[in-house]
Amino acid sequence: MSWVNAVIQGLLLGGQYALIACGLSLTFGVMRIVNLAHGDLAVCGAYLALVLSSALGVPVWVTLPLVLPVAFAAGVLLQVLLFGRALRHGELASVLVTFGLSVMIENLLLVKYTSDPRGLPAGALGLASFHIGGQITVSWLFLTAFLTACAVLSSLQLLLSRTSWGRKVRATADDLDTARLVGIRVRPVFAGVAGIAVATAALAGVFIGTIGTFDPYQGTNSLIFAFEAVVIGGIGSLWGTLAGGMALGVTQVVVGQVNQAYAVLAVHLLFLAVLAVRPNGLFAGHRVTREAGALG
Amino acid sequence: MSPGTALLEVTGLDVFYGDFQALFGVSLAVPPGGATALVGANGAGKTTLLRAIAGAQPPAAGSVRYDGDDLTGAPPHRRIARGVALVPEGRKLFPSLTVEENIQVGAAAAAASDWPLDRIYGVFPMLASRRGQRAWSLSGGEQQAVAIARALAASPSLLLLDEISLGLAPRVVGELYQTLAGLREAGATLVIVEQDLRRAMEVCDDLVCLLEGRVALAARVASVSREQVVAAYFGESSAHEPHRPPNPENPTRTPRLQDPDNPTRTPRLQDPDNPTRTPSPQDPENPTGTPRPQDPRDQERGP
Chain A
5 MSWVNAVIQG LLLGGQYALI ACGLSLTFGV MRIVNLAHGD LAVCGAYLAL
55 VLSSALGVPV WVTLPLVLPV AFAAGVLLQV LLFGRALRHG ELASVLVTFG
105 LSVMIENLLL VKYTSDPRGL PAGALGLASF HIGGQITVSW LFLTAFLTAC
155 AVLSSLQLLL SRTSWGRKVR ATADDLDTAR LVGIRVRPVF AGVAGIAVAT
205 AALAGVFIGT IGTFDPYQGT NSLIFAFEAV VIGGIGSLWG TLAGGMALGV
255 TQVVVGQVNQ AYAVLAVHLL FLAVLAVRPN GLFAGHRVTR EAGALG
Chain B
17 MSPGTALLEV TGLDVFYGDF QALFGVSLAV PPGGATALVG ANGAGKTTLL
67 RAIAGAQPPA AGSVRYDGDD LTGAPPHRRI ARGVALVPEG RKLFPSLTVE
117 ENIQVGAAAA AASDWPLDRI YGVFPMLASR RGQRAWSLSG GEQQAVAIAR
167 ALAASPSLLL LDEISLGLAP RVVGELYQTL AGLREAGATL VIVEQDLRRA
217 MEVCDDLVCL LEGRVALAAR VASVSREQVV AAYFGESSAH EPHRPPNPEN
267 PTRTPRLQDP DNPTRTPRLQ DPDNPTRTPS PQDPENPTGT PRPQDPRDQE
317 RGP
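In order, the protein sequence lines correspond to chains A and B. The numbers in my numbering rise by one with no breaks, and the one at position 191 of the first sequence is 195. The numbers in my numbering rise by one with no breaks, and the one at position 148 of the second sequence is 164.
Don't take each hint at face value.
Claimed, not checked - Computed footprint of chain A on chain B; a stretch qualifies when at least three of its residues, placed anywhere within it, have a C-beta under 8 Å from a C-beta of chain A:
| id | stretch |
| --- | --- |
| 1 | 50-56 |
| 2 | 90-96 |
| 3 | 171-180 |
What the hints assert, rightly or not - Computed list of chain B residues with no C-beta within reach of chain A, every gap over 10 Å:
| id | residue |
| --- | --- |
| 4 | L23 |
| 5 | A76 |
| 6 | G78 |
| 7 | E117 |
| 8 | R146 |
| 9 | R187 |
| 10 | A202 |
Calculated from the structure, these hints are not laboratory results. Just so you know, even glycine gets a beta-carbon here, dropped at the ideal spot from N, CA and C.
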């Protein structure tokens, strides 16, 4: 029964990984940017929620209607001012730019908020839980994070597959040059995708902050897990990212059940194994070419 | 025809890929309602010229005027809004989109909706039953039909078609050209890049032959012989002067001779009737028939 519990806890944890990873998956799938500052942007979201909730004296959840639009705007600005320009100089330039951004964010946060670990008060939700059978206890907070991740990924999937905007995003992800040629205005598409990516990162950051603690360097750690979820799931596929996150979460908790010391190592080994055996990801679609950036 | 009555007017266009110059002062004028064939050997600059007209390749010099407006610096979406749509070489469909989505994406920048889906399916009935399939699962001819349908969705008045018969069976090519004839009757103006010289001269009213990035011949189809076009195609200079058709109304259509100062720029000896046949062994630069590295289409996929 404890194994069933471990799997359930692992799946719930995987939802959190998927939530932070979906933005990374989107930016890579559409813009071909590996955003190394993605985790740091998530941590910025957590700090923003912390500052707003203490300044306004409201629970963390109430700040979300402010945090998410700010994060969206930040993503749009970053794309227009920074990533878009970097992309014109090739993919390597964009990696260097996001790496620089990551270092800057971490150090600015360090100067402003010190390296003390912080936590976001989750209120009553933080401690509430319910039982399944006799031995399985599910935290409402973990379940909320998991359901939020599923809702966000499903909404993104619907947005991409059912709307004319999503059609443009997928066409642009398939073939940038031809997308321009058939009249798609690529820059607004990119800006929108970047805004969504940073907004989902900020949302993930708020969950990271309420479930555990965060400090200015938390972003790098989150980035590694997000990156692994994206690669395991298959680059550019949102459902793959969700599955990849769950694979990571289940591995971490199940191995941790045996020996806590190897839990995180096992996650990285799983990542390496997938990379060696199926470099396109476990859930990559029918095509293996670069065009396969099928966000579906 | 005076320059003012041309629907599309390209003047002195220079296009570079990095250090490589693909077009040298290319000029052409396309009258409204007509069909212009753009012919020339591989690497002569046909695709580059169409891409420059569509806005995908910014020119270093020269101008593109359309229906009275200067569109030289306009991005593709603005040109599409004005009615210029390109069917790119190699179809370039979006693989993760369905047939219908590929067509719908073509309407992204359209100013009008002259071509709603049901009208497009009326022209290409075979696509209606496949609308939900991924575009890559279709046959070559069907894929080409999707590419044309995608351009039609932009409600174009000028349709640029780049080698739509590439790799297709003759019967399928015949069907596609029948469709094009229908589009002309509906009022569209066509610029067609076609390797099959006979078909190009059959279908089109005007013909422009490019040689090494320059206009080698520009004439009414009715006023030139096949031999003259073939001569221009291969850059046989003896053919130029005596056969150049008089075209006093349009001084911008000056045929250009091959650069005599640069004898290394040998034209490729490819039979225009049979582009699939490997080049004759006289071509010292390309004995295997593979595209030469300076083929601009190899460089278009750069960053």
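Here's how the hints hold up against the structure:
{"no.": "1", "hint": "50-56", "verdict": "violated (count 0)"}
{"no.": "2", "hint": "90-96", "verdict": "holds (count 4)"}
{"no.": "3", "hint": "171-180", "verdict": "violated (count 0)"}
{"no.": "4", "hint": "L23", "verdict": "holds, 19 Å"}
{"no.": "5", "hint": "A76", "verdict": "holds, 18 Å"}
{"no.": "6", "hint": "G78", "verdict": "holds, 20 Å"}
{"no.": "7", "hint": "E117", "verdict": "violated, 5 Å"}
{"no.": "8", "hint": "R146", "verdict": "holds, 17 Å"}
{"no.": "9", "hint": "R187", "verdict": "holds, 27 Å"}
{"no.": "10", "hint": "A202", "verdict": "holds, 21 Å"}
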